[in-house]
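Chemist: Below, each chain spelled out in residue letters.
Number of protein chains: 6
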Amino acid sequence: MDKFILEEQIRRFLIEDIGHGDITTDAIFPADQEGRGVFVAREPMVVVGMDQVAATVFKLLDEKVRIVKTVQDGKRVDTGEVLFEIAGPVVSLLQGERVALNLVQRLCGIATLTAAFLKQVKGLSVILTDTRKTTPGLRMLEKYAVKAAGATNHRYNLSDGVLIKDNHIAACGWSIKDAVRLARSKVPHTVRIEVETEKLEQVQECLDNNVDIIMLDNMTLDTMREAVTLINGRALVEASGGVTLKTVRKIAQSGVDLISIGCLTHSAPSVDISMDWQQ
Amino acid sequence: MDKFILEEQIRRFLIEDIGHGDITTDAIFPADQEGRGVFVAREPMVVVGMDQVAATVFKLLDEKVRIVKTVQDGKRVDTGEVLFEIAGPVVSLLQGERVALNLVQRLCGIATLTAAFLKQVKGLSVILTDTRKTTPGLRMLEKYAVKAAGATNHRYNLSDGVLIKDNHIAACGWSIKDAVRLARSKVPHTVRIEVETEKLEQVQECLDNNVDIIMLDNMTLDTMREAVTLINGRALVEASGGVTLKTVRKIAQSGVDLISIGCLTHSAPSVDISMDWQQ
Amino acid sequence: MDKFILEEQIRRFLIEDIGHGDITTDAIFPADQEGRGVFVAREPMVVVGMDQVAATVFKLLDEKVRIVKTVQDGKRVDTGEVLFEIAGPVVSLLQGERVALNLVQRLCGIATLTAAFLKQVKGLSVILTDTRKTTPGLRMLEKYAVKAAGATNHRYNLSDGVLIKDNHIAACGWSIKDAVRLARSKVPHTVRIEVETEKLEQVQECLDNNVDIIMLDNMTLDTMREAVTLINGRALVEASGGVTLKTVRKIAQSGVDLISIGCLTHSAPSVDISMDWQQ
Amino acid sequence: MDKFILEEQIRRFLIEDIGHGDITTDAIFPADQEGRGVFVAREPMVVVGMDQVAATVFKLLDEKVRIVKTVQDGKRVDTGEVLFEIAGPVVSLLQGERVALNLVQRLCGIATLTAAFLKQVKGLSVILTDTRKTTPGLRMLEKYAVKAAGATNHRYNLSDGVLIKDNHIAACGWSIKDAVRLARSKVPHTVRIEVETEKLEQVQECLDNNVDIIMLDNMTLDTMREAVTLINGRALVEASGGVTLKTVRKIAQSGVDLISIGCLTHSAPSVDISMDWQQ
Amino acid sequence: MDKFILEEQIRRFLIEDIGHGDITTDAIFPADQEGRGVFVAREPMVVVGMDQVAATVFKLLDEKVRIVKTVQDGKRVDTGEVLFEIAGPVVSLLQGERVALNLVQRLCGIATLTAAFLKQVKGLSVILTDTRKTTPGLRMLEKYAVKAAGATNHRYNLSDGVLIKDNHIAACGWSIKDAVRLARSKVPHTVRIEVETEKLEQVQECLDNNVDIIMLDNMTLDTMREAVTLINGRALVEASGGVTLKTVRKIAQSGVDLISIGCLTHSAPSVDISMDWQQ
Amino acid sequence: MDKFILEEQIRRFLIEDIGHGDITTDAIFPADQEGRGVFVAREPMVVVGMDQVAATVFKLLDEKVRIVKTVQDGKRVDTGEVLFEIAGPVVSLLQGERVALNLVQRLCGIATLTAAFLKQVKGLSVILTDTRKTTPGLRMLEKYAVKAAGATNHRYNLSDGVLIKDNHIAACGWSIKDAVRLARSKVPHTVRIEVETEKLEQVQECLDNNVDIIMLDNMTLDTMREAVTLINGRALVEASGGVTLKTVRKIAQSGVDLISIGCLTHSAPSVDISMDWQQ
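So the protein lines, in turn, are chains B, G, V, D, A and Y. Under our numbering, residue 285 is the last one in the first sequence; the count climbs by one each step, no gaps. Under our numbering, residue 285 is the last one in the second sequence; the count climbs by one each step, no gaps. Under our numbering, residue 285 is the last one in the third sequence; the count climbs by one each step, no gaps. Under our numbering, residue 285 is the last one in the fourth sequence; the count climbs by one each step, no gaps. Under our numbering, residue 285 is the last one in the fifth sequence; the count climbs by one each step, no gaps. Under our numbering, residue 285 is the last one in the sixth sequence; the count climbs by one each step, no gaps.
Be careful, since some hints might not be right.
Copies of one chain are not kept apart here, so a pair can be met inside one copy or by any two copies together.
Heads up, simulated BS3-like pairs for lysine-lysine below, C-alpha to C-alpha not over 25 Å straight-line [what the hints assert, rightly or not]:
{"hint": "1", "residue 1": "Lys256", "residue 2": "Lys75"}
{"hint": "2", "residue 1": "Lys75", "residue 2": "Lys252"}
{"hint": "3", "residue 1": "Lys9", "residue 2": "Lys192"}
{"hint": "4", "residue 1": "Lys9", "residue 2": "Lys256"}
{"hint": "5", "residue 1": "Lys171", "residue 2": "Lys65"}
{"hint": "6", "residue 1": "Lys128", "residue 2": "Lys192"}
{"hint": "7", "residue 1": "Lys183", "residue 2": "Lys65"}
{"hint": "8", "residue 1": "Lys205", "residue 2": "Lys183"}
{"hint": "9", "residue 1": "Lys139", "residue 2": "Lys171"}
These are calculated hints, taken from the structure and not from any lab test. Here the structure is a predicted model, which means the values were calculated and not measured.
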């Protein structure tokens, strides 16, 4: 994660929630009153973001806040476990609470769902990755959560990876060959060329044109197995399209190298974390 | 919605997804190739964001994109319905696709869930509202979706509403009286004072201090009914805490004026919308 | 006050005044020369902004500047009193001087005028408030000064309060009823509905529609008294329009609850404060 | 004026006043309702800012607003004169009203005061200038107003002019010679060197060191006359310090070339302009 | 190139050069005076940036400027050729001149040097690429110029490519194996792994660990030839380090696939282009 | 240099090079591994930027980086000399390396070329200055480098100096008199008026109109000598136009007061500095 981007995002989130000032807290509390709060897990979860995210929220708000404890990224915890502990001016703890919780509940939700997927493919050599279906404005953080849980990231955005999709191919007159040739001649050699396919003829055309990564999009298990056999190690094979906790193991057993899963970021439910006040 | 904030946010989301340029599209397509695409509902949903959000994504990207059709905010549609149609340079349509979909899938998801809650309380006079449990960076848009579906918004942030919560009261030495007095003397007269209560004694203390809105937090249905009877129209009554589709009607029947529901924004699943290419 | 907004504003003000560098100071002074300066009141005034505003100017400019003394917000001082004392690199003290003085002279001017108004209504229970007639870009600071002097703030901006004005009503076909009904159904329940009235018929229409705050705009004293009698506690009553130090007490004696005063922020003369150099 | 800076400032002012949206107007008006408004002078004044400032407020808010009429910068008008006329969506006219008025009332106030000073020195060849005592964040606009009224601008900020003040000299060990020599050797040759003096000995030291502009700070009329005689055209002579409408002509008659006047920007009262609604 | 980044950069460059306004032009010219100007090549060069860069400078400054002619990216021109022609308000043409020229002189310089390198390797299948040794703040534009001249881009920045350099390896205890293994397990599968080597032993270690791209850094021609033989198509081979117009062909003939050349961006001299005024 | 501008620029440069994170370094190194690096001169040069520029790069990246040594601005060093030494987290040293080197190699290149020009005019009283032909986005830093090497700066931008060029004069109907009169009446008295001339008739017209600085643009040595004789101390004389190391002394000997040299900033080659790793 880039520190400058992280801090700028959190500063913006805090302004969104605090506006021109917290009129309740400012009215009630003297600036020098001290307090202590803990984030407590209200359900089992995989933790992410205490150290780099929640801590940054409070440090940006007030240098006088002390970070007492943070649970490590990727740790699995049970209900009741203390994930984060802070001490400092009451006003600052109360003002940062909502933004910090909104962030870590979402990130831990993603990490927890990612871990559930990983558990499904335990013992298999397949790699699970995220997609670009992230919450606008939160891509860096959400991809960080996926990685912290043990999966890996797909390309970050349109500038750092090549994925020739059905629409690209359509607009080229349905020739994978032309699209790949054009891409190969213009993009950096540091980037692999990936092509999305929907049937075996396209897989064959990819092989004929030395595509580096072949995406099998929404294929049946049978077709995927045929594709893996056809490719036979000559390209990386990535399965994609509506992958769920129920289908992921079967897909993995088809022999693909990678499975990309959109719901890791667009459908992970927030987990329940509360901030409890220590008198 | 504020136009300046909306445009600045969408510009930032586009930069997040496009980076320094779309290397795939730039390599494959001539700048002057034209195309046409439609957003299609893949499941029944309540629509929001075609006109102000999706259209802004493409207009900011390229003035040459033409918005051909947008379904109105709040409309309920079935699977297969065309929600949005655009025409213009292929390169721009492809570059805006992911950001536009990521946004409207989320917003329509919120609107659809909100409508489901509203259906549960049909015929009752209760008002349903959102909370501050929104996605960081997306509060304006998410609250817009809640409202478009027919519910109303709670306060926007810490600067435009007073909500004295348990932690505020705790830090005052457990006196609602003191907290309310301090708030009343310092905040604008245009703002109502709301206090969170967990038991009837606190409700009574609120009434003794002319609190404008009394929040009943995580109370049983019985206690809520008692509270409503006790308050007897002397304050607005808001129920809150873990409200679900299953519990919302019973809560409404207890006689409260409002019910605030965090999951409208923190747990609404994205709905499925795809962009189809028109040759 | 929100710390992020405050710091961003002061940073912008410093860039406005320093440009790409202070060519005079850079040419004359070695970077390590130390000095000490004091802000001195050149006339009696109510002080505001030493601690949060002037101190922030110098701390942002140079961490090595030490804030030696700051007079508390709201204190009334006489000519000659030292309001603020700083020590540190000469270059930084000289570069921050003008921005700090431009800010605090204006804020103390507002606080001093506000205190003069408050003195006029001494012994009466009326509340004095500011308006949205603030200097563009300085609203947060100017409203802070009004509050520090002992008055209260009106709504902050168009998003956190409802004030239905003559022009709004006109465009609705002169029906207060319709405008109020529309507003009530769409704005958060945390916000009171205020309506501007110019005659008693409108006051009655407000009462008929349960308006929370009735503004009496530019009414004569007699009409205001009639309105107060008519309203009889059923709504908050706010007087507004060309209020001066000479008229404010009479208006307050009419029985209104609040008086909003535009000149607090748009016409308060700057007070005279100088920065003296301590050899 | 720089267009980019102007637009960025006005955008910021609009966000300050509109927040996340105008909840009153959004609730009451349909987006397509059209209206027409005029700015009317409520007192005699010198006009500035209709064309570049007020028009920009509304154009940035909404491209559909049409600017029907703008009075030219520098024109003197009487009570009742229409200064500005716009037509377009009611919602946009109402949302821009306050920011536009807050700006032009202030700028016209500065222009009107500047014109009053110019009238006092009519027939004399003296030049009147502003200072750096401007409202933080509004320097470009306020200096524009001074110039539009017929006076000229002093240096813009610390980076584009050299003014060696008493504090600078003090910190150099009270040698004007050293300070001037250091400045001359390091600043661009395109910039004149100005020195602030408080007594005739300092004026002589300036002359001995070929200072380009000698500021006579807070001197008596007699001392100023002596200084002018002593300088005898060898440098530009600028009078400064507490200049008022009453004293400015006498100061001008002392023979100085320029008079700089802080109150043009820090103490000009806002003039009264209202926006009237055209049904 | 990303339009949002391009426009934001050019806006910043214009503010840098115009400051708070062009005091010379504003003083001399009426706003409505029209003119016409042409950019003329003062030496032979490869052109880049007329359409996307120079045109954007003037369009951002003033919508009323008309772009009459732009020479296409990549075209080779002779002395005297007209590269760009604009017409519109004199004030805007003069204000944009310096920024536009400063940009295109630099970009055409890079394109011209790139073309000179390409000419040296004519007939060979080697690919020439740039590096990260670009001017801070101008990377997107400079890499665009390299590509427009016919070479290709290396990775854009630290987030979109993996290059394990000598310092990385050193800090891992001199084991390429460990560094590659760590990278492979954590970075997206869409990215190739590149390793910098200085001797043949390291080349062999790369081959043993299936490195995708092997950089031969500052090797002699003989060693490079040995490395190419050793690698034998099992990885892409990139030569790097102090490559000049004199050495590039010999290096290419060693059989490497790519040559990366820092001086394309850090040492290309600006070419001479002037803006001539058409009366 | 302005600290706020400097820090904002360097932050932007770091984001340009780091993107959303350094995927190589993050994969390979533990966050707590410490290291030490030195910048070493690979050729003789005049140093600039170690203290204010390179140090700021690393301090902004990571507060834990310690600046061990910085060579002073303006010092001349030989090959092999250590210019800068830092210690701290390996990850931060590696992430800042490229941006810091890209900046200081360019700035030292400018300083070295500036010093070479100064050496050519040794013993003469002429002043050498830069121009506005700087790299877009780097003007403050590049002008700083010119000054650190011992030359002086010309005006910074269009807002802080008046230079009436051939195109300005042309558009006025070829009357220097009119252009000068207009400028004099509108620009601050703190600014000198400079006019560009191409022949002696224009020089005479400048003298007739009391121009402060006369630029002799691209004149022959003979014409320049005539011009100097004609001007005879009545204005500052600045030579300009294609000045090189070979021609600068002859031009200086013509008697001009100043010589402005565009290539100092637009054509100075980067010098060679490497970052060596200390195990």
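Chemist: Now tell me, hint by hint, if it's right for this structure.
Modeler: Cross-check of the supplied hints:
1. Lys256 - Lys75: Intra 41 Å, inter 41 Å, cutoff 25 Å: neither.
2. Lys75 - Lys252: Neither: 37 Å inside a copy, 38 Å across copies.
3. Lys9 - Lys192: Classified as between: cross-chain Cα gap 19 Å, same-chain 31 Å, threshold 25 Å.
4. Lys9 - Lys256: Cα proximity of Lys9 and Lys256: none, with 39 Å in one copy and 43 Å across.
5. Lys171 - Lys65: Classified as between; 23 Å across copies, 43 Å inside a copy.
6. Lys128 - Lys192: between (39 Å within a copy, 18 Å between copies)
7. Lys183 - Lys65: Classified as neither; 53 Å inside a copy, 32 Å across copies.
8. Lys205 - Lys183: Within. Shortest intra-copy distance 15 Å satisfies the 25 Å Cα cut-off; inter-copy 38 Å does not.
9. Lys139 - Lys171: within (15 Å within a copy, 33 Å between copies)
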